[in-house]
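Using the sequences plus the hints, can you model the full thing?
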Amino acid sequence: MTDPFARLAKLGLELPPVTAPLAAYVPAVQTGNHVYVSGQVPIADGKVLATGKVGAEVTTDEAASLARRCALSALAAVDDLVGLANVVRVVKVVGFVASAPGFTDQPAVINGASELFGEVFGEAGRHARSAVGVAELPRGVPVEVEAIFEVR
1044 MTDPFARLAK LGLELPPVTA PLAAYVPAVQ TGNHVYVSGQ VPIADGKVLA
1094 TGKVGAEVTT DEAASLARRC ALSALAAVDD LVGLANVVRV VKVVGFVASA
1144 PGFTDQPAVI NGASELFGEV FGEAGRHARS AVGVAELPRG VPVEVEAIFE
1194 VR
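When the count follows this note's numbering, it moves up by one through the sequence shown with no breaks and lands on 1195 for the last residue.
Among the hints, erroneous ones may be present.
Stated by the list, open to error - In silico DSS-like pairs for lysine-lysine, Cα to Cα no more than 30 Å straight-line:
| hint | residue 1 | residue 2 |
| --- | --- | --- |
| 1 | 1135 | 1053 |
| 2 | 1135 | 1090 |
| 3 | 1053 | 1090 |
These aren't lab readings, by the way, just hints derived from the structure by calculation.
The following block contains the structure:
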């Protein structure tokens, strides 16, 4: 597999600092050869990047971009815990989308995260996934992404 840092650099991306937990949990936990990353919300420099419901205040494309940021934060949590170079594959992604009534395109939103994982890990970035519409998310954000990684 190509070096994930090289792929990030080619994309013009670098890992952000690990987002401090918003409550009583840790950003990521390793058990055996898996790392479980807590739900990541779109935060940069300690500030929420957007609020609102997808399909109302936030467009599908904007939310997909925010999901991509959540995925980048998930990668930062993995790197901080075990090192990104130790990722064998992305196993599962779960995305939550704060959805306006009638909004049903949650999969397109979570594609923002899924596509980033594919760009960084290639075939090893392909994963199982759920994309779920919800009424509200922490701090009023439109999207939250959690993930499970296999590591060596």
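We went through each hint and held it up to the structure:
{"no.": "1", "hint": "1135 x 1053", "result": "holds (24 Å)"}
{"no.": "2", "hint": "1135 x 1090", "result": "holds (27 Å)"}
{"no.": "3", "hint": "1053 x 1090", "result": "holds (26 Å)"}
Every hint, counting from the list given before, is met by this structure.
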